[in-house]
Structures are given as structure tokens and as C-alpha cells.
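Take a look at the letters that make up each chain.
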Amino acid sequence: MGSIIVAKRVSKSFGKKEVLSNINLTVKEGEIYGLIGPSGSGKTTLVKILVGMDSDFQGEVEVLGAAMPNMNVLSKIGYMAQSDALYPELTGEENLQFFASLYKLKKEERKQRIAYAADLVKLTPHLSKKVMAYSGGMKRRLSLAIALIHNPQILVLDEPTVGIDPELRLSIWHELSRLKNEGKTIVVTTHVMDEAEKCDRLAMVRDGKIITGGSPSELKNQYAVNHLEEVFVKAGGKNI
Amino acid sequence: MRTIAVVRRIFQQMLRDKRTLALMFVAPLLILTLFHFLFTSNTAENPKLGVANADDALVKQLKDKDITVITYERVGNAKKTIVDDQLDGFMQIKGEGIQLTFENSDPSKTKALQIKIQQVIAAQSAKKQASIMKEWIQHLQKTLNAPKIKMEQVSSPKMHIAYVYGNKDTSFFDVLSPVLVGFFVFFFVFLISGIALLRERTTGTLERLMATPIRRSDIVFGYLLGYGLFAVIQTVIVVFFAVKVLDIMLVGSLWHVIIINLLLALVALSLGILLSAFANSEFQMMQFIPIVIIPQVFFAGILPVEGMANWLQMIAKAMPMYYGGDALKSVMYKGVGLGDIRMDLFVLFGFALLFITLNVFALKKYRKI
Ligand SMILES: Nc1ncnc2c1ncn2[C@@H]1O[C@H](COP(=O)(O)OP(=O)(O)O)[C@@H](O)[C@H]1O
Ligand SMILES: [Mg+2]
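Residue numbers (my numbering), protein chains in the order written: chain A, 1 to 240; chain B, 241 to 609.
By construction, these hints were calculated from the structure, which means they are not laboratory data. Incorrect hints may appear among the rest.
[As the list claims (entries may be wrong)] So the derived label-pair ranges between C-beta atoms look like this:
1) 182/A x 521/B: 30 to 36 Å
2) 543/B x 11/A: 54 to 60 Å
3) 241/B x 174/A: 31 to 37 Å
4) 133/A x 583/B: 27 to 33 Å
5) 39/A x 601/B: 51 to 57 Å
6) 13/A x 589/B: 39 to 45 Å
7) 129/A x 557/B: 50 to 56 Å
8) 518/B x 122/A: 26 to 32 Å
C-beta atoms are modelled at their ideal positions from N, C-alpha and C, and glycine is treated no differently.
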């Protein structure tokens, strides 16, 4: 299995405040990689650097072997932002169409992808509504559908299940493992520990540093605990 | 291709937003119409002049000059009489001298009245002079016993007036309107495009776009084309309305007017989206209006720039509306062709090019490509 995303010695500051310090991580092909940490720990900042939205940082990031930002690589990444960046005056369908038209998709394929993505997040009956009339959860789901619209090889999802009801959350995770089995690589951030269990490998983030990493079972064995929360407390405690 | 996607999205958003459409297409027409009636309605009343101790001939001549004359037997306080009787001025003949008092709440009205009175008085004294002369000569002839010569009455020469630009019916509005047409196009395009890109920044969609394979230049050109097409429609509507409905004087070609306005719109568009990079909210975008937009009006040719202090002229030359205003006035009022305003057009095009390039750079804070 090759490395899809490699970050070396990544540091980032906003003004004087260092938000990420010396982050090293490798995401392998076909895995679900989880970034777990409390809010404000730097997950969003890190993820933005990984997808090339922010090039103002120290260190190196390579995705599919290329330095970011790279147009070719960008067209293979599906990104879901933590805050929904949607066009409220447009309908759900128009939002999907707009983002789809930024990728090279044939007309027929575009139609299919829109139908698939909308169905996956259960938005098909609401596609002709304007986004400003959507609830918070519906907006999250539309953002996820947009991330999937071009059938990307890499998915980067920033807190994808916040504000989504448990039933749909389960079906989304189900779909993520199906996509993984298709060979897609997925990076997910979350602050919910039971979601962390579903990842193949984890990196625990606190105050801009990766305090520990590994598969959920490895981590629990290593720290001799039954729950990932305890790993977090123990690993974090060592560092403080 | 991605540029077209941005253009299509802008169209969808604009067509949804009826208020903004109305602002862009209807508001300029309303303001232009208002200006038209403000400057061309000739309902100005005749000035009212109180007169004391004047002879009938003088009063008659004043009346011939469209002055409403009210004669007074005696006056105590001229100023008080003016205020009490709502006069525009008061004239008292005191022996050889004339005492004029003006109400002067509207200096231009005062000037007009004063000129009329001076003309009447000058004509009167010329006549008096002539009759004294005649008497004197007759007296001379009598004493010298010379043969009588007939004195010819000098009639004032008939004046024929010609104008290089405009005609005797030209009003200030005819000079003002080319500038107004250009200014409205400039102002509304600036505001709408600027706020649109700003919204894209504040809602996070601009940043989100950076996670897609769109180029910075795709975004800038998408905005230029998308709002540019609306600007074209707006320009055509405003120009046609001004010329065909308000009957604004248009000596040159309508198409030249449209070309100039389109260039102005392009400058406004690129300036608007550029300045939106320096604003964090719609309110901050509005703050650019007094700083960037209002000064343009002063230097657009409503006030003569040639007469300004040197440093003011320098400022004028840094303003796109200075060139736009000059070009529009030249075509609409003076009727020159494109060749004579090519400098204006070049400079406007230069402004647009500069702002567009700066725009692509301004987006660099998001991403390098
Ligand atoms: N644009 C910004 N300017 C200044 N500070 C920021 C900015 N974005 C994030 N931060 C700071 O960086 C830290 C990490 O934020 P973030 O990456 O959003 O954390 P998380 O996604 O883990 O909740 C926070 O302390 C936050 O205040
Ligand atoms: Mg976050």
C-alpha cells in the first residue's frame, strides 16, 4: 500500500500564536485515517493545509507524490469543510451542479453522480429547495454530497457528522467503509470517540501536536485501557 | 470551462435576487429622470422687484425684462420691506444714485436680477445721453446758424448668436447628463460586484473553491464576465433610456456612448472586486463609497477640471471617471468620434487591466495557483 498523503514537520502560526507544531503524518492508500482531538486543537487548520487550501506554513506536504497545491491532485480530492460553504440563494441541486461543473465530468456522468450523492445523504426530495431554507443538518449533508460529487480518490472530511441524526450518521459511516473497500482513501476529523473506533488508524491531536497515533486496538493495548478516551487522557497527560 | 461555471452560477444568483436586479436596472433610471426634471423644468417665477421713486419709462423697461415690478411711494427700511413683502430685490432712486438691495438667499437668482437691472439702467442712460447730445447739437446749430443736419437715431445692432457646441436651448442638464450616465453605470456595477465577491469571502465559499481545481484567474474572469454581462444590459438600458426617453442631447454615436460606458463598467467591476478584498463586511464595503466613489463625481467634468489648482488636477487624472466623463461629454455633447477620445479609452482600458491583474494577485492570499 502506497502513501497517499505525507506531511513532514508541518508548523503553522496565526500571527504569534503557533497552532500546529512539527506535525508528521502519513496516510496510506485505502485506509480511513482519523484526526481526533478537542475543538481548537488544530484539526481544521491541518486538514486545510493537507488539501492545499492554505500554503502559508512551514514544512512539506505531498499528496499523491506531488507538492500541494497541484491542480491535478486537487481534482482527485473531495473536501468537506467544517463550516458549510454553500450558496444560499441556490437550490441544493444547483449547488451540486456548480461544484460538479468545476470537475471534468461528462454530462451523463454528472447527472448520475448528483443523483447518487443526493440519495446517499437522503436529500433527493429537497434538491429543488433553496439552501437558505435548509436546516443545519441538511446543509452538512449537502456539503458531504458535494465532497463526493466527482467520485474522488481521496476524501477529506472535516467533522462530517456534526449535527446529523444518529441513524443517518450510521449510514454515512457505512458508506464510508464501502468507499474504503472500493480503494478510496479517507481522512476524517472528529471529536467523537465512538467514531474514532471506526477508523483504521488514528492520530490524536492536542494543542497543535500529534500526541500519539496507531490503530484503535494498538492504542488501547499500548496504554492498557478499554476506551479510546482513556488513551487520550493518558497520552495527553504524558505530554503536559 | 470553470470560468463558464462561475458565470452560470452568478447568473442563477442574480436572477434570484430581484432587489439587486431592480437596484441595477431601475434605480439609475429613476435618479436620471429626477435629475432631468430638476434641471430642465423652467417654472422659475419672474423675480419680484420693489421700486421707489422711479419714472414710468424705467418701470416699463424693467417689466419688459420679465421682472415683476411693484412700485412703492415711500420706503422706510428696504431690507424689512423685502422680507415682509417677499421681494427678491428693492430699487430706490435717490437723485443721481440708485440704491439696490437684494434678498440674496439664492445668489444665482440675485446675479440674474442684477444683470437685468444693470442692462435697463445702461439702456436708459444711453438714451438720456443721446437726447442730451441731440439738444446740445441743435443748440449749437442755432447759435452758429448753420444748415440743419438730420440726426440719425442709432439703433442697437441686431445680434446673431452661434454656438460651437449645443444650441440656445441647451440646459445644464445636457452637459451634466453624459457624466451622470457614466457615473451610474460606474457606481452600481462597483457596488454590486464588490459586494458579491465579498459575500463569497465571508460565507467561506471562496475559500472552499480553493479545494477544487479552479484557478484564481478562473474566478476573476468568471466574475468579470458574469457581472460584466449584467453591466452590459444595464449600460444599454440606461443609455437608451437617457437618449430615447429623456431626450438627452446626443450629438455623437449611440454606439460610442455604449462602448465608453462598457469600459467604465469594466473598470468599476475590477475595482469593486479588488476593493472587496480589503473589506470584511458589507458595511466596510460601503465605507469605500465616500472614499473612492464620491470623489470621482467631483472630477468627472461636472466642475471644470482645467480651472482647478494643479494638485487637484493631478488627483483628477488618477480617477477613472475623469476620463469616462470627458469621453462621454465629448461624444454626447460635442459629437466627436472615437478617434478624438482614444486617449480616454486607452487610459480606461489601462485602469481595467491594472485592476484585473491586481485582482489575480489579491487572491494569492488564498492559494498560489
Ligand atoms: N484564521 C485564524 N486566525 C487566527 N487564529 C485561528 C484562525 N483559524 C484558527 N485559528 C486558531 O487555531 C487554533 C486551531 O483551530 P482549528 O484548526 O479550527 O481547531 P479544530 O478544527 O481542531 O477545532 C484555534 O486556537 C483557533 O483559534
Ligand atoms: Mg475544526
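Q. Among the hints numbered above, which are violated by the structure, and what are their numbers in rising order?
A. Hints 1, 4, 5 and 8 contradicted; others consistent.
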